[in-house]
Amino acid sequence: MTFPAASQSAQPASVLPQPTVVRREDYREPDWLADGLVLHFALDAQDTVVTAACRYRRRPGAAADAPLRLDGEALETLGVAIDDQVLPPEAWVQDKGQLVLSNLPEHFTLHTQVRIHPSANLELSGLYATGSTLLTQCEAQGFRRITWFQDRPDVMTTYRVILQARRAQYPVLLSNGNLLAADAPAAAEARAALSVLPLPATDGDWHEAVWEDPFPKPCYLFALVAGNLAVNETRHRLASGREVLLQVWTEPEQIHRTDFALRSLEKAIAWDERRFGLELDLDRFMIVAAPDFNMGAMENKGLNIFNAKYVFADPFVATDTDFEWIESIIGHEYFHNWTGNRVTCRDWFQLTLKEGLTVFRDQEFTADQMAAGVDAQAAGSVRAVQRMGNVRVLRQVQFAEDAGPMRHPIRPDSYQAIDNFYTATVYEKGAEVIRMLQTLLGVDGFRRGMDLYFERHDGQAVTCEAFVAAMADANGRDLGQFLRWYATAGTPRLQVRSQYDAANKRLVLSLTQLLPDAEGHAMPAGERALHIPVDVALLARDSGQVQQRRLLELTASQQDFVFEGVESSDARGPMLSLLRDFSAPVVVDHPYSDEDLAFLLRHDDNLFNRWEAGQQLAERALLQAIRQGDAQATLKALSDALAATLPDARLDDGLRQQFLMLPEEKRLAEQLEPLDPSLLRTRRLAALRTLVQPLVPYLQDVVARQHWRADYSLAVPEVGQRALANTALQLLTLVGAEGAAQQARAQFEGANNLTDRLGALQALVQCDPDDADWALARFEDIYRNETHVLDKWFAVQARMHGTHQPTLARVRQLMQHPGWNSQNPNKVRALLYTFFADNLAEFHRPDGEGYTLWRDEVLRLDRSNPQLAARMARTLDRHQRFVPALAQQMHAVLEHVAHEAQSPDVREVIAKEMGAL
Numbered sequence: 002m003t004f005p006a007a008s009q010s011a012q013p014a015s016v017l018p019q020p021t022v023v024r025r026e027d028y029r030e031p032d033w034l035a036d037g038l039v040l041h042f043a044l045d046a047q048d049t050v051v052t053a054a055c056r057y058r059r060r061p062g063a064a065a066d067a068p069l070r071l072d073g074e075a076l077e078t079l080g081v082a083i084d085d086q087v088l089p090p091e092a093w094v095q096d097k098g099q100l101v102l103s104n105l106p107e108h109f110t111l112h113t114q115v116r117i118h119p120s121a122n123l124e125l126s127g128l129y130a131t132g133s134t135l136l137t138q139c140e141a142q143g144f145r146r147i148t149w150f151q152d153r154p155d156v157m158t159t160y161r162v163i164l165q166a167r168r169a170q171y172p173v174l175l176s177n178g179n180l181l182a183a184d185a186p187a188a189a190e191a192r193a194a195l196s197v198l199p200l201p202a203t204d205g206d207w208h209e210a211v212w213e214d215p216f217p218k219p220c221y222l223f224a225l226v227a228g229n230l231a232v233n234e235t236r237h238r239l240a241s242g243r244e245v246l247l248q249v250w251t252e253p254e255q256i257h258r259t260d261f262a263l264r265s266l267e268k269a270i271a272w273d274e275r276r277f278g279l280e281l282d283l284d285r286f287m288i289v290a291a292p293d294f295n296m297g298a299m300e301n302k303g304l305n306i307f308n309a310k311y312v313f314a315d316p317f318v319a320t321d322t323d324f325e326w327i328e329s330i331i332g333h334e335y336f337h338n339w340t341g342n343r344v345t346c347r348d349w350f351q352l353t354l355k356e357g358l359t360v361f362r363d364q365e366f367t368a369d370q371m372a373a374g375v376d377a378q379a380a381g382s383v384r385a386v387q388r389m390g391n392v393r394v395l396r397q398v399q400f401a402e403d404a405g406p407m408r409h410p411i412r413p414d415s416y417q418a419i420d421n422f423y424t425a426t427v428y429e430k431g432a433e434v435i436r437m438l439q440t441l442l443g444v445d446g447f448r449r450g451m452d453l454y455f456e457r458h459d460g461q462a463v464t465c466e467a468f469v470a471a472m473a474d475a476n477g478r479d480l481g482q483f484l485r486w487y488a489t490a491g492t493p494r495l496q497v498r499s500q501y502d503a504a505n506k507r508l509v510l511s512l513t514q515l516l517p518d519a520e521g522h523a524m525p526a527g528e529r530a531l532h533i534p535v536d537v538a539l540l541a542r543d544s545g546q547v548q549q550r551r552l553l554e555l556t557a558s559q560q561d562f563v564f565e566g567v568e569s570s571d572a573r574g575p576m577l578s579l580l581r582d583f584s585a586p587v588v589v590d591h592p593y594s595d596e597d598l599a600f601l602l603r604h605d606d607n608l609f610n611r612w613e614a615g616q617q618l619a620e621r622a623l624l625q626a627i628r629q630g631d632a633q634a635t636l637k638a639l640s641d642a643l644a645a646t647l648p649d650a651r652l653d654d655g656l657r658q659q660f661l662m663l664p665e666e667k668r669l670a671e672q673l674e675p676l677d678p679s680l681l682r683t684r685r686l687a688a689l690r691t692l693v694q695p696l697v698p699y700l701q702d703v704v705a706r707q708h709w710r711a712d713y714s715l716a717v718p719e720v721g722q723r724a725l726a727n728t729a730l731q732l733l734t735l736v737g738a739e740g741a742a743q744q745a746r747a748q749f750e751g752a753n754n755l756t757d758r759l760g761a762l763q764a765l766v767q768c769d770p771d772d773a774d775w776a777l778a779r780f781e782d783i784y785r786n787e788t789h790v791l792d793k794w795f796a797v798q799a800r801m802h803g804t805h806q807p808t809l810a811r812v813r814q815l816m817q818h819p820g821w822n823s824q825n826p827n828k829v830r831a832l833l834y835t836f837f838a839d840n841l842a843e844f845h846r847p848d849g850e851g852y853t854l855w856r857d858e859v860l861r862l863d864r865s866n867p868q869l870a871a872r873m874a875r876t877l878d879r880h881q882r883f884v885p886a887l888a889q890q891m892h893a894v895l896e897h898v899a900h901e902a903q904s905p906d907v908r909e910v911i912a913k914e915m916g917a918l
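Residue numbers for the sequence shown follow the numbering used here, so the first one is 2 and each next one is one higher.
Hint data in this document are derived by calculation from the structure and do not stem from the laboratory. For every residue, glycine included, the Cβ atom is placed at its ideal position computed from N, Cα and C. Hints may be right or wrong, so weigh each one.
Pairwise CB distance ranges (calculated) [stated by the list, open to error]:
no.	residue 1	residue 2	range
1	Asp36	Pro186	17 to 25 Å
2	Gly477	Val884	51 to 59 Å
3	Gln672	Gly297	28 to 36 Å
4	Glu254	Ser120	19 to 27 Å
5	Asp771	Gly630	31 to 39 Å
6	Gly751	Ser120	42 to 50 Å
7	Ala182	Gly481	47 to 55 Å
8	Gly443	Arg710	40 to 48 Å
9	Pro253	Ala373	30 to 38 Å
10	Ala373	Leu552	24 to 32 Å
All chains, please: the whole structure from these sequences, using the hints.
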């Protein structure tokens, strides 16, 4: 058997093959098209034999002598046949991960048989074993680790799959589509297609299941699952009246925690029918929970496979945020049934075509679910809270990506390892680009565009241009300039200046867009100008009342917009409320004073912009304190504004909590250069204590209500109460308020849900060592048998500030904990990735020992799970911006990893971090 480089022993970098760069401009249509694939699996964890029969036809226009090139990786080839003729080994060529066949007729059936080894597959790509279960992960290029095939998304075909396994070991056998009866004609046809190469012998202990997916799909959407699983199922009636079977499969001991996931699936199906007129096309839809999974979830046609932490939910093991994420991700994967599966990507450069669009759809779904069943004012609040959360993540993760060496457009132009481009840019910024289309076209116009998109392209593999063209044609709009968003890397900046003419009651708003150049420097957009929707309102400076509101469409590098009939008692003119609801993913540069921001925080009618004003004022105060060591005036302005805003009866508790969520270290770090993480932490904490101290009476009043004594409910008001109270408790322990530790202990012991117990734990680890150690030990004792909750326990400790014990030493100790598993992606992300990415001061230690751990763990994972290793390697993306002593040490470990790394995934990331790409 053969394995890819990532599974082989280390070689010096000098003898490794040079990485292959794949470029979008080099796309060529496939010479051969697939017209039906039959697969037979003789399943076993040690040795699985895969037999395939695929009908091929030469694409019209392809050269008559065009060879068929099939992708394969870590396959032991047992046989190849064309039609009924078995080929000798010399009749085909294996070269650089491809099986090449030449001198082919125009139509033929190709038969192949390979042996693979699921239990040895630690990459979790292809078919692999997790516990006693076998399952697959094929996106982006995992199908080539199962059988020889054209592993590219523009080769779409129907699938019939026969699964055979020992009944005692694998009683449940699942694949895509619909389960066929054993005597169904389609099942007989599938068996007949496999008559050329002999199938492995089986005995009476084996059983089989035959599945058919009637809808053509690319191979990345193939899936199978085999194991001892329990099912939670329901019959669901679609809008058309058709009844379908919905199932959630998992290990039997967790089946009682799948009710919420099943309800979430029903909600997603109903929402897609209402909002976009899209109905489930299969007779059944299945979700399977997997304990070992590189991704969050995978949208395989009709058989979604999920990271188990996004399936299991009850108040004991899931926080309010977990419940929200589970509903959102189940929605996301279901929505892919149309945006990704029925219409898929021509090539992997078009990834945002399915992911950006589907993230936008799941964000809209979540907002609608949160707003369901409440009055209009409450609905506006919960939608604003959800928007704040989306933008917070975008700024903290995607804006940072835009500023670093992995900067790329939402549609990249080249890659070495496609797995490195499942990024915040492709997903989250891609969703913002889709949202801008809805902003420009309106909700109804966007729906018209979606309808036309499916009418034109159902069953096809297409490009981003096809989607934008459908939006344009359905609405009679020219969106040619808008397409530049798909090719622009980096975060645009928007300079806003205003001039008010009181005599003529005229306000001129001047907008200038700056775009990053190749080095990331902001430059006038010029001919690269984007089409940017800018939602603006003019507010009276005495009352905050909206005088005018307009959606401006900025299409030039610099553009003036005139507002007539503008009255203002202030010579400066009205207050500007800019980029309302974050109408475009840009950074706004406008010379607001501290007083202006405080005014907007108190009075803007747009809830998102009220929050945004508070965030800007907080960033200004904290950055000033970090840079200069003092920011008393700005801190007081923010504290006074918060003290005046938080009691506002028009706000619900969820909004109040958002106003108290002050900028984190990572967000501030992006604006500091050179960056000294230790100084950042020390001065930020000092500034926060100054800021929070005047708010202590309000915070104590919130905590004194003891919300945690109430029965647990996922109703919006109760979720908001818990969010506000836990944030208040953590701020009180941060400043050492009297009685805060005792209140946190009482909540920890009395809580009837994980949200409140985890909130109390996060408060107590900020207290003295006795409180912290007590809380950590009690939490471990309560949840020692709940693996996903222990992940949160690992993460809390990975973020600790090291005032009681150096966090690096704590992390190394936890790597010896019985609950730790160095091969499980969830565990690695919870402890190691959290430490490297979120604990700046403790990871970036002056002695460099944090970098030693990073080096060792990246290289360890590089040899078993390159996808996970590459994501962890990105925590040193912008090492040059740190103070020289740290930057030099980081450069040294990057050089070491560059020399030793085996996988294209890690080597591409390291090369970009070092400026070699």
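Which earlier hints can't be squared with this structure? Structure breaks no hint.
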